[in-house]
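Peer 1: Each chain, written out:
Protein chains: 2
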Amino acid sequence: MAHHAPLTAAGPQFALADVDPASTPGFDGGKKAGRRALAKGAAELAELQERLFAAGLNGDRRSVLLVLQAMDTAGKGGVVSHVVGSVDVQGVALHAFKAPTDEEKAHDVLWRIRRELPAPGMLGVFDRSHYEDVLIHRVHALASPEVIEARYAAIVDFEAELVAAGTTIVKVMLHISPQEQRDRLLARLDDPTKQWKYSPGDVDERELWGRYMEEYEIAIRRTSTPDAPWYVVPADHKFARLAVQRLLTDALRGLDLHWPRPDYDVAAERARLLP
Amino acid sequence: MAHHAPLTAAGPQFALADVDPASTPGFDGGKKAGRRALAKGAAELAELQERLFAAGLNGDRRSVLLVLQAMDTAGKGGVVSHVVGSVDVQGVALHAFKAPTDEEKAHDVLWRIRRELPAPGMLGVFDRSHYEDVLIHRVHALASPEVIEARYAAIVDFEAELVAAGTTIVKVMLHISPQEQRDRLLARLDDPTKQWKYSPGDVDERELWGRYMEEYEIAIRRTSTPDAPWYVVPADHKFARLAVQRLLTDALRGLDLHWPRPDYDVAAERARLLP
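Residue numbers (my numbering), protein chains in the order written: chain A, 1 to 275; chain B, 1 to 275.
Simulated from the structure, these hints should not be mistaken for laboratory data.
Nothing here was measured: the structure is a model prediction, and the numbers come from that model.
Be careful, since some hints might not be right.
Note that the list lumps identical chains together, so a pair holds whenever it fits in one copy or between two copies.
Mimicking DSBU-like on lysine-lysine, the simulated pairs with C-alpha atoms at most 30 angstroms apart in a straight line are [what the hints assert, rightly or not]:
hint : residue 1 : residue 2
1    : K105      : K32
2    : K32       : K98
3    : K40       : K98
4    : K40       : K194
5    : K40       : K238
6    : K105      : K31
7    : K40       : K105
8    : K238      : K105
9    : K98       : K31
10   : K31       : K197
Hey, can you work out the whole structure from these sequences and the hints?
Peer 2: Shown next as structure tokens:
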């Protein structure tokens, strides 16, 4: 793994071809140093998250929302288990969006998203999201080009509204190479404790790799804003977990969270308990 | 800590006075051995939970529901963070029930509970539950005696329905002594990073300790059934975490879960990936 400049947000000229899935921007250690850094970062992330949760109980309306998008096997599950999973589960609002139900299809595409937004004080995590509606919908022509075209603007407006209401949004595409995906799919096939994670449908989507990459690039260009930026995280290595941990840590640091001051009289309460 | 017989489910003659909050039934080690046992048990629990999750994705309708009830500071949060938090957050459906909203009050007391039941394959966790409606409601006379009387039977019927639909229910009361609660409340008051967890209202409830214990005993006697048993876990020590871990592990073992067999042709899929 080579040393690189730190990860930066994607801009309107973003090109997916510029991101090497095997790179590790901002980190030049090996596997062992990566594991150590992840363990060390977990403690800070957990404390920041607890401060957010505490603030939420004390009237602070802010929240954080991590949006995860990726091709299959890119490591969304690992990020959720090992990065999000290292903070107190009581402060996490995780939702995995699957193919929409009939009820969901009867509404506009943001309807089901709005129902799962994090409450104040919570760290929300979307495993897939409203971006499916401009990715898979374009690749498979599940909606007309005009309808999908309107969705980019609707998404930007929607996210701006969330940010204005106090939600810090961190959008992450985990970017793997098709070669790495093949190896991971084969590893699933070879392991009886992992075969349940394999779906033949994943290979159907894999055969549309180039189309997906085109649509990811377009979606990221159109919807990466200063308030709700996209980060494309190279994900051929477990470095991706460390990168997402750092993005979340930075987002929480930016909220300048302090432990709430008690709104009761500490001495009086002590006296009630020690009669 | 003395050695005791293992924890058993409460029966219709259950007496809270028979449970010493400082005891550690089924465990005779010290703090260090307890931490080791908890870490060791976490790996088994995590694998069992993953098998449940995998089964759920493969059409198995079963789920597990942990119901946690306790006086403040008894350690519900610690159980959630350190026992439930040791399994993959993707397979956990945690809900903390607060004072009911106006919308919730407009419905019968089980309405909001039904909305949060675990989906197939999930480990559901209720931090407080429908039992608040026969505990705090009796202590504070928030409903008439006749209305509350009817709730015990409604709860037993409701839980029997869940069990018949495939949910394994584990109900836990974390039982601390009032002396231990006082020490824990004082510790919160003394620590600026914990003061947000303290609420003067907790001391108001503390002053009704005897009434709460009476109502817990009645509720447990009336609703501990072979299918949906109550376990009263002594909680003056962190042993409580180990005890709940073991209860969950036993519940999952009882489901006899195996990794799902692939419903696709493994060799054919390998061939698709290796052209």
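Peer 1: To test your reading of the hints: which numbers does this structure violate?
Peer 2: Per hint list: 1, 2, 3, 6, 7, 8, 9 violated.
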